[in-house]
Amino acid sequence: MENLFITVTGLKHYKASELLEVGMKLICIKDYDNKYDQDAMVVVTEDMYIVGYVANSPHTVIKGTKSAGRVYDYFNLGAYLEVMFITKDASICRVINQDISDVFKNGVADVFEEIFEDFQDE
Numbered sequence: 085m086e087n088l089f090i091t092v093t094g095l096k097h098y099k100a101s102e103l104l105e106v107g108m109k110l111i112c113i114k115d116y117d118n119k120y121d122q123d124a125m126v127v128v129t130e131d132m133y134i135v136g137y138v139a140n141s142p143h144t145v146i147k148g149t150k151s152a153g154r155v156y157d158y159f160n161l162g163a164y165l166e167v168m169f170i171t172k173d174a175s176i177c178r179v180i181n182q183d184i185s186d187v188f189k190n191g192v193a194d195v196f197e198e199i200f201e202d203f204q205d206e
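Per the numbering used here, the sequence shown starts with residue 85, numbered consecutively.
Treat the hints loosely; a few may be bogus.
[Claimed, not checked] Across the chosen pairs, the derived CB separations fall in these ranges:
id	residue 1	residue 2	range
1	Ile180	Leu103	23 to 31 Å
2	Asp117	His97	14 to 22 Å
3	Pro142	Asn118	27 to 35 Å
4	Asp117	Asn87	26 to 34 Å
5	Glu130	Asn160	14 to 22 Å
6	Phe169	Glu86	23 to 31 Å
The hints are simulated quantities; they were obtained by calculation from the structure and are not laboratory data. C-beta: ideal position from N, C-alpha, C; glycine also.
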């Protein structure tokens, strides 16, 4: 697979984004129930804390990276990412693995319940 880079945006809205470090692994997961964006992909830490979303607007996608709309159909459920760069409100991540089936070993509903339960606490 060629190097594929995406922008994770909205970092200032999620407390867990303060933990981001270059080299850190993240997971992007298709957010099928997102009522604002049909191509939405939430980005979480390996502990399932939300850090942001894959950018999907010309105003938020950093040049040289792909938007959520461009990569949505490439991923079955999502992908593992590696943080390459961090700015004030965005991070550039490299896609390192498109198989995140291990994340869903207890079921899709359990994963989203865990993610959005933490979101309610922020």
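Structure-based check of all given hints:
Separation of Ile180 from Leu103 is about 19 Å and departs from the stated range, judged on CB atoms against 23 to 31 Å. Against the hinted window of 14 to 22 Å, the Cβ-Cβ separation of Asp117 and His97 comes to about 18 Å, which satisfies the hint. Pro142 and Asn118 have their C-beta atoms about 19 Å apart, which leaves the hinted 27 to 35 Å range violated. Checked against the hint of 26 to 34 Å, the C-beta distance between Asp117 and Asn87 comes to roughly 30 Å, which is consistent with it.
At roughly 19 Å, the beta-carbon separation of Glu130 and Asn160 lies within the given 14 to 22 Å, and the hint holds. For Phe169 and Glu86, the Cβ-Cβ distance of about 19 Å falls outside the hinted range of 23 to 31 Å, so the restraint is violated.
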